[in-house]
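When you get a sec, could you build the whole thing from the sequences and use the hints?
Line by line, the protein sequences give chains B and P.
So in the numbering used here the end of the first sequence lands on 340, straight run, no missing numbers.
So in the numbering used here the end of the second sequence lands on 680, straight run, no missing numbers.
Think of the hints as simulated: they come from the structure by calculation, not from any bench.
Every residue gets a Cβ at the ideal spot worked out from N, C-alpha and C, and that includes glycine.
Among the hints, erroneous ones may be present.
Cβ-to-Cβ under 8 Å is the rule here; a few derived chain P residues that face chain B [stated by the list, open to error]: (1) D423; (2) M427; (3) T565; (4) Q675; (5) P677.
Number of protein chains: 2
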Amino acid sequence: MARGDERRVLLAHGGGGIMMRDLIAEVILRHIGNPTLARLEDAAVLAPQGSRLAFTTDAFVVKPIFFRGGDIGRLAVCGTVNDLAAMGARPLALSLAMVIEEGFRFADLERVLQSVAAAASEACVEVVTGDTKVVERGAADGLFLITAGIGAVPDGVFLSPTEVRPGDAVIASGTLGDHGIAILSERNGLEFETPVTSDVAPLADLAAHIVSAAPGGIHCMRDPTRGGAAAVLNEIASAAAVEIEIVESALPIRREVAAACDMLGFDPLYVPNEGRLIVFCGGEFAEACVARMRGHPLGPDAVLVGRARQGAPGRVVLRTRIGGSRIIAAPYGEQLPRIC
Amino acid sequence: MARGDERRVLLAHGGGGIMMRDLIAEVILRHIGNPTLARLEDAAVLAPQGSRLAFTTDAFVVKPIFFRGGDIGRLAVCGTVNDLAAMGARPLALSLAMVIEEGFRFADLERVLQSVAAAASEACVEVVTGDTKVVERGAADGLFLITAGIGAVPDGVFLSPTEVRPGDAVIASGTLGDHGIAILSERNGLEFETPVTSDVAPLADLAAHIVSAAPGGIHCMRDPTRGGAAAVLNEIASAAAVEIEIVESALPIRREVAAACDMLGFDPLYVPNEGRLIVFCGGEFAEACVARMRGHPLGPDAVLVGRARQGAPGRVVLRTRIGGSRIIAAPYGEQLPRIC
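Structure representation (structure tokens):
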């Protein structure tokens, strides 16, 4: 298969024949190959240790597929790894399904697959099984990636919104809103003095680092993607039947993200992130947890942003800079389509 | 959420907010809910028995999404269950990701989800985790489903093309080409005296039934989807370095499928199936295996169709009705786009 920027994916590449096998062997395996995937069996066979498995899936339809700080390939790996990480699980294996629009450039496909490989390697996980479908022009928008992942949940780890108690600390692992603003900037051709870069990153190691710091003390973790931190906080406040108070002055928001949000009319609490964790831990573990996160390459800006309390179950309140308070409602519909 | 045929999916239903939660609670969980899925955690947590897991994924872009004998929902469950079944694995859990085009009818979504539920129940498996993305009009074609599945591989079961030996029998579990012709008929408005119905069915129970009949005697199983039986036979002939001879007069092909293939210029060996297994077993187990399959509701037409032999490694030969022989080449590109 000749390489070159002008080659494009054809319907025939999805047909289950020699052309598909060539695509798999010479493009897919070249970039993300490993002994398990290379068997090309109908399913990968694994021998996981431990008694509890986490299992998750995500579809990625981000537009554009390349953006400052990442691309759809990195996003697809990180999104699924982070869903496992949020459950306290160590990622064991990923699957990767691709829906490709006829005419998609090979060069772009290779770039995405390189990015899948790099992100998977960063997350210490492999793509072990996959599927490729090609649809005619106009039936999809370039490339959609769909990953699923399985992970091992360590004994004794049980993270869930229902574990959150009044008195729990709420910690953000880093700045909020970077991913969403990076995509919007790309999409709308916005330019800022300091360009905003997506935070997309695989969080399994950071999550394990936190959990091992305070076994039993960490009650719940979430990666705040669609709907941003506001969606996660509302979900947890409801599930745990607690009120959550967030302190506006403590929120880690980059100046350029805040400026973009002002200009575009967004609240950064509703803007998606792809490399951040919101962590709920027993209040007594808050300091240790923040310190632990700051000692990790993916958590230097970790900070305590609020607390759970009895109050009005299900409510999320922002204590504003001027001392007032404002309800952070659950997002309703779509603020930012195709952000991930 | 009001029900009615005229409600349509909006971009806002994919936004991670209350509208998405309503869609999940009132549409998705209503049809395919179970205690694990209903937790709506970032990942499902499972406690599988056994030491080896099979893991697989498939993307479904079939057009039209409703067809005689099934729909995209049934297809998505069966496709993934069958990939697990082909590895000898008992399905443990499925994930379901949906990419929905804005404007898709709620009524159709509900019909598809009902079908997912029915097929999953038939296969004794549950959808335990999922994701829903909505893209704008024109960015997808109605509905794409992407399933992943994990299954338990029983101790002692090791199925692989590399296990196939000269002398092995080749058995088809039923008639060939039904699914592809059913879709084509639907797509092209073809009408036959006896309409062709897709064979789409979950094969895990049939597969387990076969494997338990001759532990160690079953060497390899495949569900011949894209590229049909020809693709599977060529794949196995190459991997096992054997020649495979297929006997034309033994091939189970419905009269109406043969007629449609004649009319459309297709060879039924290249037409996809979604509820059939091609089984390779030691020659001495052939009769018992066929009998066992015929005793199962999904295998009444099971039949010995050929043998593996030394010959020319990687070659698949058809012994024709008139005593000649013809090479069955691996399919090259796309014969039937969006057939699954």
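Going down the list of hints, with the structure as the test:
1. Checking P:D423 against chain B: minimum C-beta separation of about 4 Å stays under 8 Å; hint holds.
2. At about 5 Å, the closest approach between the beta carbon of P:M427 and any beta carbon in chain B falls short of 8 Å, and the interface hint on this residue holds.
3. Taking 8 Å as the C-beta cut-off, the interface hint given for P:T565 holds, the closest approach to chain B being about 7 Å.
4. Because the smallest distance between the Cβ of P:Q675 and any Cβ of chain B comes to about 6 Å, under 8 Å, the interface hint for this residue holds.
5. A least Cβ separation of about 5 Å between P:P677 and chain B falls short of the 8 Å threshold, and the interface hint therefore holds.
In terms of the numbered hints stated before, the structure departs from none.
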